[in-house]
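Participant: Sequence lines, in order, name chains Z, D and R.
Mapping of the first sequence onto the working numbering: position 87 corresponds to residue 87, and the numbering continues sequentially without gaps.
Mapping of the second sequence onto the working numbering: position 252 corresponds to residue 252, and the numbering continues sequentially without gaps.
Mapping of the third sequence onto the working numbering: position 359 corresponds to residue 359, and the numbering continues sequentially without gaps.
These are computed hints drawn from the structure, not numbers from a lab.
Do not take every clue at face value.
Said to hold, decoys possible - Now the in silico label distances, taken between C-beta atoms and shown as ranges:
| hint | chain 1 | residue 1 | chain 2 | residue 2 | range |
| --- | --- | --- | --- | --- | --- |
| 1 | R | Asn302 | D | Gln150 | 41 to 49 Å |
| 2 | R | Gly422 | D | Lys22 | 50 to 58 Å |
| 3 | D | Thr456 | R | Gly422 | 40 to 48 Å |
| 4 | R | Tyr132 | D | Gln150 | 51 to 59 Å |
| 5 | R | Lys270 | Z | Asp28 | 20 to 28 Å |
| 6 | R | Tyr132 | Z | Val58 | 41 to 49 Å |
| 7 | D | Leu412 | R | Met195 | 55 to 63 Å |
| 8 | Z | Val58 | R | Pro269 | 18 to 26 Å |
| 9 | R | Thr16 | Z | His136 | 21 to 29 Å |
| 10 | R | Arg28 | D | Ala371 | 45 to 53 Å |
Stated by the list, open to error - Here are the computed lysine to aspartate or glutamate pairs in the EDC-like style, where the Cα-Cα straight-line distance is at most 20 Å:
| hint | chain 1 | residue 1 | chain 2 | residue 2 |
| --- | --- | --- | --- | --- |
| 11 | D | Lys448 | R | Asp361 |
| 12 | R | Lys272 | Z | Glu92 |
| 13 | R | Lys270 | Z | Glu92 |
| 14 | D | Lys436 | R | Asp323 |
| 15 | D | Lys436 | R | Glu38 |
| 16 | D | Lys432 | R | Asp436 |
| 17 | D | Lys347 | D | Asp434 |
| 18 | D | Lys432 | R | Glu307 |
| 19 | Z | Lys48 | R | Asp237 |
Virtual Cβ for every residue (Gly too), placed ideally from N, Cα, C.
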Amino acid sequence: MATIVDIAVSNPDFSTLVTAVSAANLVDALNSPGPFTVFAPVNKAFEKLPPGTITTLVQNIPQLTRILTYHVAAGRYTKNDLRGRESIPSLEGTPIDLYITAAEFEVNNATVIAADIEADNGIIHVIDTVILMRPHWFHPIMRWGKEGIKSEGVVV
Amino acid sequence: MLSTLIWLPIGGATIASFCSAKWARIVAILTSSAILFLHVLLLRQFNLGTGEFQFSENLPWLPNIGLNYTLGVDGLSLPLLVLNALLTWLVLCFDREVKERPRLFYVLILLIHAGLSGAFLALNTLLFLLFYEIELIPLYLVIAIWGSKQKNYAATKFLIFTAVSGILILAGFLGLAWVAPAPKPVFDYQSLRSLSLPVTAQIVLLLLLVAGFAIKAPFVPFHTWLPDTYVESATPVVMILGGVVAKMGTYGLFRFCVGLFPEAWSLLSPWFALWAGLGILYGAVTAIAQKDIKRMVAYSSIGHMSYVLLAAAAVTPLSLVGGIAQMVSHGLILALLFNLVGIIEKKVGTRELDVLNGLLNPLRGFPTVSALLILGGMASAGIPGMVGFIAEFLVFQGSFSKFPLPTLLAILGTGLTAVYFVILLNRTCFGKLDNKTAYYPKVLSSEKLPAFVLTTLIVFLGIQPHWLVTWSETTAQKISSRLPSNAIVQLINLQQQ
Amino acid sequence: MPSTLIEPTTKLPPSTHPFAEIIHRLERGGSMLPDTEENLMQIIGLYKAYAIPMDFYWRDLLYIAERVFLDPVPAFKYFLPKEYLELANHYAGDNADLRIWRGYATAHKELLEFIEKGELKARIPKLFHHFYHDRINMEFAEECMRAMFWHRNMGGLLEPYMDSAEYKQNADRAIRAYFRDNPIMLGLYKLFPDMFIEQCRQATMYSVLGLFWEVMCPVFLEMSDIYDEGGFKGVPDAMNFLVNGIFAIAGRPIYHRVYIRGEWYDIVPKSKGFTWLYEAAFPYVEAVFYRTSPFRGTKSYNAQAREVPDDQNDFHYGILYADKFPVASAGIPPTLLHQDMYHFLPQYLVDYYQKFCRGADDMLIQLGVSFQRSMYNVTSAVIQAGRAAFLYPLDDPNPRHLWANRYYFEGQLNRFANPKYGMNKAARILAIQSQDYR
Numbered sequence: 001m002a003t004i005v006d007i008a009v010s011n012p013d014f015s016t017l018v019t020a021v022s023a024a025n026l027v028d029a030l031n032s033p034g035p036f037t038v039f040a041p042v043n044k045a046f047e048k049l050p051p052g053t054i055t056t057l058v059q060n061i062p063q064l065t066r067i068l069t070y071h072v073a074a075g076r077y078t079k080n081d082l083r084g085r086e087s088i089p090s091l092e093g094t095p096i097d098l099y100i101t102a103a104e105f106e107v108n109n110a111t112v113i114a115a116d117i118e119a120d121n122g123i124i125h126v127i128d129t130v131i132l133m134r135p136h137w138f139h140p141i142m143r144w145g146k147e148g149i150k151s152e153g154v155v156v
Numbered sequence: 001m002l003s004t005l006i007w008l009p010i011g012g013a014t015i016a017s018f019c020s021a022k023w024a025r026i027v028a029i030l031t032s033s034a035i036l037f038l039h040v041l042l043l044r045q046f047n048l049g050t051g052e053f054q055f056s057e058n059l060p061w062l063p064n065i066g067l068n069y070t071l072g073v074d075g076l077s078l079p080l081l082v083l084n085a086l087l088t089w090l091v092l093c094f095d096r097e098v099k100e101r102p103r104l105f106y107v108l109i110l111l112i113h114a115g116l117s118g119a120f121l122a123l124n125t126l127l128f129l130l131f132y133e134i135e136l137i138p139l140y141l142v143i144a145i146w147g148s149k150q151k152n153y154a155a156t157k158f159l160i161f162t163a164v165s166g167i168l169i170l171a172g173f174l175g176l177a178w179v180a181p182a183p184k185p186v187f188d189y190q191s192l193r194s195l196s197l198p199v200t201a202q203i204v205l206l207l208l209l210v211a212g213f214a215i216k217a218p219f220v221p222f223h224t225w226l227p228d229t230y231v232e233s234a235t236p237v238v239m240i241l242g243g244v245v246a247k248m249g250t251y252g253l254f255r256f257c258v259g260l261f262p263e264a265w266s267l268l269s270p271w272f273a274l275w276a277g278l279g280i281l282y283g284a285v286t287a288i289a290q291k292d293i294k295r296m297v298a299y300s301s302i303g304h305m306s307y308v309l310l311a312a313a314a315v316t317p318l319s320l321v322g323g324i325a326q327m328v329s330h331g332l333i334l335a336l337l338f339n340l341v342g343i344i345e346k347k348v349g350t351r352e353l354d355v356l357n358g359l360l361n362p363l364r365g366f367p368t369v370s371a372l373l374i375l376g377g378m379a380s381a382g383i384p385g386m387v388g389f390i391a392e393f394l395v396f397q398g399s400f401s402k403f404p405l406p407t408l409l410a411i412l413g414t415g416l417t418a419v420y421f422v423i424l425l426n427r428t429c430f431g432k433l434d435n436k437t438a439y440y441p442k443v444l445s446s447e448k449l450p451a452f453v454l455t456t457l458i459v460f461l462g463i464q465p466h467w468l469v470t471w472s473e474t475t476a477q478k479i480s481s482r483l484p485s486n487a488i489v490q491l492i493n494l495q496q497q
Numbered sequence: 001m002p003s004t005l006i007e008p009t010t011k012l013p014p015s016t017h018p019f020a021e022i023i024h025r026l027e028r029g030g031s032m033l034p035d036t037e038e039n040l041m042q043i044i045g046l047y048k049a050y051a052i053p054m055d056f057y058w059r060d061l062l063y064i065a066e067r068v069f070l071d072p073v074p075a076f077k078y079f080l081p082k083e084y085l086e087l088a089n090h091y092a093g094d095n096a097d098l099r100i101w102r103g104y105a106t107a108h109k110e111l112l113e114f115i116e117k118g119e120l121k122a123r124i125p126k127l128f129h130h131f132y133h134d135r136i137n138m139e140f141a142e143e144c145m146r147a148m149f150w151h152r153n154m155g156g157l158l159e160p161y162m163d164s165a166e167y168k169q170n171a172d173r174a175i176r177a178y179f180r181d182n183p184i185m186l187g188l189y190k191l192f193p194d195m196f197i198e199q200c201r202q203a204t205m206y207s208v209l210g211l212f213w214e215v216m217c218p219v220f221l222e223m224s225d226i227y228d229e230g231g232f233k234g235v236p237d238a239m240n241f242l243v244n245g246i247f248a249i250a251g252r253p254i255y256h257r258v259y260i261r262g263e264w265y266d267i268v269p270k271s272k273g274f275t276w277l278y279e280a281a282f283p284y285v286e287a288v289f290y291r292t293s294p295f296r297g298t299k300s301y302n303a304q305a306r307e308v309p310d311d312q313n314d315f316h317y318g319i320l321y322a323d324k325f326p327v328a329s330a331g332i333p334p335t336l337l338h339q340d341m342y343h344f345l346p347q348y349l350v351d352y353y354q355k356f357c358r359g360a361d362d363m364l365i366q367l368g369v370s371f372q373r374s375m376y377n378v379t380s381a382v383i384q385a386g387r388a389a390f391l392y393p394l395d396d397p398n399p400r401h402l403w404a405n406r407y408y409f410e411g412q413l414n415r416f417a418n419p420k421y422g423m424n425k426a427a428r429i430l431a432i433q434s435q436d437y438r
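Based on the sequences and whatever the hints tell you, model everything.
Facilitator: Written out as structure tokens, the structure is:
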């Protein structure tokens with residue numbers, strides 16, 4: 001079987017991701033035994049970002065690395081493994097939110113379009129949107145919006 | 001000289017009534033400026049050394065009934081004349097509030113001025129009464145024409161009260177003339193002063209006059225016309241009304257009550273003093289309860305006029321000087337306060353204490369007006385450094401030895417004055433402007449000018465009170481020297497019993 | 001994604017939020033600020049007037065962070081050396097990393113002219129200009145820095161990093177180098193190391209804010225240029241430009257380094273991966289737009305009066321809640337900002353203000369209210385950018401996603417509808433819906 005990097009390189013849909021990973025010098029890391037769970041955005045996902053976003057990230061490797069490591073979790077998790085969990089910690093540190101039902105598999109605001117692609121050193125879930133770290137105020141705000149104004153205050 | 005002071009404004013008024021509105025204004029400004037200038041001349045030529053009447057003029061008019069055109073000025077009337085000239089000048093030169101029928105307004109203000117000057121100058125009781133009654137008509141008109149919503153009610157109330165006041169005074173003067181042991185009725189002030197009447201007759205006549213003047217000043221409980229009239233009148237009118245017209249009451253008290261009935265006055269003065277003390281307290285307490293800033297200032301006036309009554313009751317040279325100073329100081333301060341309150345009302349559109357807020361705001365509020373209002377409030381509350389303190393202090397100093405309790409009441413009233421002014425300033429000047437409503441037009445510098453002139457005088461006379469009291473010292477000495485000493489009063493008391 | 005305007009989505013029932021109308025506008029891709037020509041003119045004019053002093057702010061903030069550093073008597077920290085005036089902005093000019101403003105990278109010409117002559121239009125010694133406050137007033141910028149420094153728990157990784165051993169080590173190296181020839185300060189450092197480290201953290205905040213504004217300055221200048229060319233059709237266009245800007249610059253590194261005797265000392269190295277969006281922009285918006293702290297004299301600090309919340313999270317004294325009317329009163333620091341912006345108002349705004357309220361006399365307040373409008377628009381951009389980054393497109397076909405968007409918008413607007421401490425009364429969101437608020 002192939003490593004995560006091998007699989008990504010072999011698929012032209014991941015060409016942007018591969019470029020980014022090699023720019024961020026993460027190739028060796030992702031070739032290491034791991035294991036990793038990688039949420040891999042397809043080229044279209046990168047195209048959704050407004051112009052300039054990628055330019056700035058490519059100019060600043062540590063920052064690019066940080067975004068990319070947010071797409072990786074330590075361990076080998078299939079969709080079934082993740083079922084019932086609200087989130088898993090990313091390598092970046094910020095948790096990745098999960099929404100999983102029989103029919104649906106979403107991470108943050110991205111939809112997994114192909115789940116459970118096995119590799120030697122981990123597992124790949126293909127996503128349609130680049131995910132970004134949700135700030136610490138995100139969940140309290142969502143909760144407050146859901147519960148309505150009656151619940152006073154929000155602890156940010 | 002003195003006649004000019006009366007006839008010049010009448011002449012000005014006559015000319016103005018034939019001009020277009022624009023020229024009428026110019027005539028009014030020129031006339032009032034000339035009058036002010038004449039008063040400065042009068043001040044320069046006034047002899048400080050004598051307590052007698054100066055620049056006297058005497059023309060027989062209707063000698064058969066004793067009505068003579070007798071004028072004279074002494075240390076009692078001089079400060080009031082100058083105050084009258086100053087306020088008239090301020091109103092005519094700087095007022096821009098009166099937009100409707102301005103010509104009539106100028107004419108009436110000049111006529112009021114003439115009437116007031118005449119009353120202050122008259123040395124014949126009938127002549128005094130004549131002027132006293134004559135200025136009622138233009139006053140009624142200025143209240144009724146340029147007042148606010150309830151102007152007609154207020155003007156009528158004012159007219160009825162002052163007419164009654166006039167009748168009481170007329171009764172007093174006529175009684176005095178008939179009681180006098182002379183072949184013909186006596187109305188001449190100098191002659192009346194040298195009469196000696198039985199004490200009972202004095203008391204009856206004195207009470208008539210005191211009641212008449214108490215309405216005019218006004219003192220509690222004759223004050224009920226005042227809040228309505230002051231509140232409903234336009235700002236320039238109320239400046240004249242509160243500043244000078246009310247002073248006719250206290251002037252009459254000094255001139256005719258104290259001056260003509262020394263024995264009766266001495267006898268009743270303890271009651272007058274107590275009356276004054278209670279009046280001061282009443283004025284202060286009612287002012288605290290007000291929710292309308294103009295009404296509050298109006299009620300403050302009731303208390304402050306009572307200081308003059310206290311001074312008159314004590315009749316020491318010091319208290320008399322203080323009383324005269326208080327008339328002038330009150331005239332200046334009240335005119336300033338009404339002027340500022342008028343500006344606020346005009347710009348904000350309300351006088352409600354609960355609505356006004358944050359006017360000290362530097363860009364959207366009225367910082368200068370608010371600052372002057374604070375200063376005016378302090379002056380009115382008798383804070384040292386301003387003319388109000390001088391006047392009140394002289395009154396207290398002069399009356400304490402004679403009437404300690406009423407004086408203490410008055411001092412307590414002064415403390416309460418500070419209370420309502422703090423309420424007024426705290427609510428109007430401090431706090432925040434409402435973001436929804438606070439889009440007030442700015443105050444033009446021309447609108448601020450009268451307030452600046454008054455403030456300058458208030459502060460200057462507070463620091464240099466000599467310029468205020470020097471005019472009346474000799475006269476006060478003279479008035480008080482005519483009163484019987486304490487021993488004689490006690491003797492009279494014994495006789496009565 | 002955010003660059004395209006979306007027609008109203010009718011899939012959800014109407015919102016029941018107190019600000020339902022604004023929620024619906026946000027769901028249509030609009031701003032909290034109503035889309036009117038007057039609003040557009042006001043906010044763009046203010047962006048321009050803000051950008052030029054901001055050009056000074058970011059340069060001076062970096063100068064203080066990098067050169068003045070821990071100077072115990074920083075008397076001349078507001079006197080910017082030529083080097084920093086010529087410092088190239090990374091987002092303007094020909095050699096920009098990403099060219100946001102099509103102009104040049106050095107200090108703005110209007111700024112240079114003002115520094116030279118001031119409002120007095122007189123070439124008198126700098127010190128006189130300084131003491132007459134005829135200058136760019138850095139006090140406001142420092143107030144913002146302090147707000148960011150003081151309000152902890154703002155998110156991002158920088159704050160925990162500043163408490164780490166690694167940071168202390170870096171700071172220690174820089175402090176020793178900085179005071180190498182100053183035994184007194186070194187001795188004090190030995191005695192009170194924490195105090196010096198804390199000062200160093202403050203210098204780091206100077207750097208963070210400087211780097212944040214280095215981006216905002218060309219963004220605002222470019223918006224002004226686009227408006228002058230007739231490029232914006234409405235308030236949402238202006239907001240979307242900001243949203244795109246936020247995305248484009250999100251990855252910009254945030255760092256702090258100090259220049260001591262010809263050598264750069266990294267205190268927060270670029271390699272930590274700290275980004276403009278997470279470590280500067282979000283904390284800035286939270287600390288400066290929402291929270292800051294009440295000015296003395298406007299609120300009672302007496303604990304018994306309970307006017308100032310005891311929880312910093314409940315602070316609500318930022319521009320979005322600010323009462324603009326007391327501007328120019330003693331002790332209201334934004335007066336200095338307003339004074340700074342007043343110098344650079346575009347002519348169309350000067351003419352506009354002349355027509356309202358007291359014209360030239362209260363222009364500081366009028367421009368303050370416009371500034372408030374413009375900052376509501378920036379906050380809208382942040383909210384929409386957050387929605388785009390963390391949630392779903394406005395035309396997403398999945399109703400669950402649309403509900404998530406709505407909860408997000410309603411949760412954000414709850415901050416202006418909260419009755420706690422009267423925040424709902426303080427918030428100006430309803431006031432700016434009307435053009436009569438000025």
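Participant: Now tell me, hint by hint, if it's right for this structure.
Facilitator: Hint check results:
As the Cβ distance of Asn302(R) to Gln150(D) is approximately 44 Å, the hint placing it in 41 to 49 Å holds. Roughly 54 Å separates the CB atoms of Gly422(R) and Lys22(D), a value that falls within the hinted 50 to 58 Å. The hinted range of 40 to 48 Å is satisfied by Thr456(D) and Gly422(R), whose Cβ atoms lie roughly 43 Å apart. For the hinted restraint 51 to 59 Å between Tyr132(R) and Gln150(D), the CB-CB distance of approximately 53 Å keeps it satisfied.
Taking 20 to 28 Å as the suggested C-beta distance range, the pair Lys270(R) and Asp28(Z) conforms, at roughly 21 Å. Range check, Tyr132(R) to Val58(Z): Cβ separation about 48 Å, and the 41 to 49 Å hint holds. Distance hint check for Leu412(D) and Met195(R): the Cβ-Cβ separation is about 56 Å, which falls inside the suggested range of 55 to 63 Å. About 19 Å separates the C-beta atoms of Val58(Z) and Pro269(R), a value consistent with the hinted range of 18 to 26 Å.
About 28 Å separates the C-beta atoms of Thr16(R) and His136(Z), a value consistent with the hinted range of 21 to 29 Å. Distance hint check: the CB atoms of Arg28(R) and Ala371(D) are about 50 Å apart, consistent with the given range 45 to 53 Å. Taking the CA atoms of Lys448(D) and Asp361(R), the gap is near 17 Å; set against the 20 Å cutoff, the hint holds. Straight-line distance between C-alpha atoms of Lys272(R) and Glu92(Z) comes to about 12 Å, which keeps the hinted pair within the 20 Å bound.
A hinted pair counts as satisfied when its Cα atoms are at most 20 Å apart, and Lys270(R) with Glu92(Z) qualifies at roughly 16 Å. Taking the CA atoms of Lys436(D) and Asp323(R), the gap is near 11 Å; set against the 20 Å cutoff, the hint holds. Distance check on the hinted pair: Lys436(D) and Glu38(R) sit about 19 Å apart at the alpha-carbon level, within 20 Å; holds. For a cut-off of 20 Å, the pair hint linking Lys432(D) to Asp436(R) stands: about 19 Å separates their Cα positions.
Under the criterion of a C-alpha separation no larger than 20 Å, the hint pairing Lys347(D) with Asp434(D) is consistent with the structure, at around 15 Å. For the hint pairing Lys432(D) with Glu307(R), the CA-to-CA distance comes to about 15 Å; that is within 20 Å, so the pair holds. Taking the CA atoms of Lys48(Z) and Asp237(R), the gap is about 19 Å. The hint holds against a cut of 20 Å.
Checked against the numbered hints above, the structure violates none of them.
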